[in-house]
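Peer 1: Chains as they are written, first to last, in this note's numbering: chain D, 60 to 168; chain G, 60 to 168; chain A, 60 to 168; chain L, 60 to 168.
Hints are computed from structural coordinates only; laboratory data are not their basis.
There's no promise every hint is true.
Pairs involving identical chains hold if they fit within one copy or between any two copies, as the list cannot separate such chains.
[What the hints assert, rightly or not] Simulated pairs of lysine to any residue, SDA-like, Cα-Cα distance not exceeding 20 Å: (1) K143 with E97; (2) K165 with A136; (3) K151 with E161; (4) K124 with E97; (5) K128 with A168; (6) K128 with A167; (7) K124 with E135; (8) K151 with N119; (9) K165 with L129; (10) K88 with F122; (11) K124 with R158; (12) K142 with P121; (13) K124 with D84; (14) K143 with P121; (15) K88 with A136; (16) K88 with A123; (17) K151 with Q62; (18) K142 with D81; (19) K124 with Q62; (20) K151 with R70; (21) K88 with H144; (22) K143 with M94; (23) K124 with A136.
Please read these numbers as outputs of a predicted model, since none were measured by experiment.
4 protein chains.
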Amino acid sequence: MTQQQYEECIRACLECMEACNDCFDACLKEDHVQMMAECIRLDRECADLCAFAAKAMQTNSPFAKQICKLCADICEACGNECKKHDHDHCQKCAESCFRCAEMCRKMAA
Amino acid sequence: MTQQQYEECIRACLECMEACNDCFDACLKEDHVQMMAECIRLDRECADLCAFAAKAMQTNSPFAKQICKLCADICEACGNECKKHDHDHCQKCAESCFRCAEMCRKMAA
Amino acid sequence: MTQQQYEECIRACLECMEACNDCFDACLKEDHVQMMAECIRLDRECADLCAFAAKAMQTNSPFAKQICKLCADICEACGNECKKHDHDHCQKCAESCFRCAEMCRKMAA
Amino acid sequence: MTQQQYEECIRACLECMEACNDCFDACLKEDHVQMMAECIRLDRECADLCAFAAKAMQTNSPFAKQICKLCADICEACGNECKKHDHDHCQKCAESCFRCAEMCRKMAA
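Chain D extracted, bound-state conformation (with noise of 0.2 Å):
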């Protein structure tokens, strides 16, 4: 891992956890939260495991690697699930995360 893709992957956790959080407060405010309820639950769980991976990686950790195996992972679901929403903040969100689990199991590998 070169550092150049070491500071793409910081960016991208980062960009996904703004990208979760934004989503989380538009879900909260549309007429059907009922059905953004998955959707919530992931966003917030996703953003704050992003925000851990970043510091995780800015702290050189000796478990950046591992912590950044396990953010992919909830990447991809929260990715998936925001997918299934037409909303523009679920596809924006979508898509940050689909690009940060890509970064992390790059760095991860």
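Using the hints provided, position chains G, A and L relative to the given structure of chain D.
Peer 2: The following block gives chains G, A and L in isolation, referenced to the frame of chain D:
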């Protein structure tokens, strides 16, 4: 503030964190998620700030008092929202929030 | 996993978070901080992941098992580092870490 | 507060989080960890509160202003400690802290 009061405040924060996280999960499973949107939002924020306040006290942070003051405000807002709802998890959460708010105010004094 | 084991694991995580945060603070006040550098690093990461794991269990996260598996690995690393040092806070922290690692492995099984 | 100022404040918090986490890691690797103890303590707290403040803004928290006010105080304390030390990572961190404190104060106004 005595050592005993300090420890009681940490305990109150950790109990409030638990009650808020339980309530967050239970609200997402309710038949009328719509009505619970504000509760879900505040449960997340309150749980996370309670964890932050516990960490601040456990590490003897120079900002423990200021963090506890903010924690008291968020606990009170979360408690006021939760007590509007009849669900057991909301009533239980409101009780933990008000108790934590009281302990945090003493800590911040 | 019974409900009782689940609650015991949350308890073990919160106790380990406290022991690690206490140890973090105490290490920074030691005469020979140099020797404690790795302990300080792991205390932070272990405390924060224990809080994360407790949150995951409290919210019935679909990733609770995977998070607990990772938590067990970090607790074990932190316990192994702490037990090298004679300070009471390190010995106490090692004990909490090993107990938490054990509970998290059962949870993840 | 315009949308642009809001986004600049989130950006400042995430940059400050990164500078503090970099500094935390670098301080633990210095020859004289002893001298860096207060810096290490504040780096952790500042990084974690910056992440918390970014989350609050990203989710449109009703407490975003209060959290940013507290964040400004901690950033200022961390910046004042860091600027005492000649290491590049400390000087860079102080700069990020002061910039973040300034943005957070505007946000809280």
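Peer 1: Please go over all the hints and tell whether each is borne out by the structure.
Peer 2: Taking the hints in turn, this is what the structure says about them:
{"no.": "1", "hint": "K143 with E97", "verdict": "within (11 Å within a copy, 24 Å between copies)"}
{"no.": "2", "hint": "K165 with A136", "verdict": "within (17 Å within a copy, 24 Å between copies)"}
{"no.": "3", "hint": "K151 with E161", "verdict": "within (16 Å within a copy, 31 Å between copies)"}
{"no.": "4", "hint": "K124 with E97", "verdict": "between (27 Å within a copy, 18 Å between copies)"}
{"no.": "5", "hint": "K128 with A168", "verdict": "both (8 Å within a copy, 18 Å between copies)"}
{"no.": "6", "hint": "K128 with A167", "verdict": "both (5 Å within a copy, 16 Å between copies)"}
{"no.": "7", "hint": "K124 with E135", "verdict": "both (17 Å within a copy, 17 Å between copies)"}
{"no.": "8", "hint": "K151 with N119", "verdict": "between (29 Å within a copy, 18 Å between copies)"}
{"no.": "9", "hint": "K165 with L129", "verdict": "both (12 Å within a copy, 19 Å between copies)"}
{"no.": "10", "hint": "K88 with F122", "verdict": "between (37 Å within a copy, 17 Å between copies)"}
{"no.": "11", "hint": "K124 with R158", "verdict": "within (17 Å within a copy, 24 Å between copies)"}
{"no.": "12", "hint": "K142 with P121", "verdict": "between (33 Å within a copy, 18 Å between copies)"}
{"no.": "13", "hint": "K124 with D84", "verdict": "between (30 Å within a copy, 17 Å between copies)"}
{"no.": "14", "hint": "K143 with P121", "verdict": "between (36 Å within a copy, 18 Å between copies)"}
{"no.": "15", "hint": "K88 with A136", "verdict": "between (22 Å within a copy, 19 Å between copies)"}
{"no.": "16", "hint": "K88 with A123", "verdict": "between (35 Å within a copy, 18 Å between copies)"}
{"no.": "17", "hint": "K151 with Q62", "verdict": "between (27 Å within a copy, 19 Å between copies)"}
{"no.": "18", "hint": "K142 with D81", "verdict": "within (15 Å within a copy, 27 Å between copies)"}
{"no.": "19", "hint": "K124 with Q62", "verdict": "within (14 Å within a copy, 31 Å between copies)"}
{"no.": "20", "hint": "K151 with R70", "verdict": "both (16 Å within a copy, 19 Å between copies)"}
{"no.": "21", "hint": "K88 with H144", "verdict": "both (14 Å within a copy, 19 Å between copies)"}
{"no.": "22", "hint": "K143 with M94", "verdict": "within (10 Å within a copy, 23 Å between copies)"}
{"no.": "23", "hint": "K124 with A136", "verdict": "both (19 Å within a copy, 15 Å between copies)"}
In summary, the structure agrees with every hint in the numbered list given earlier.
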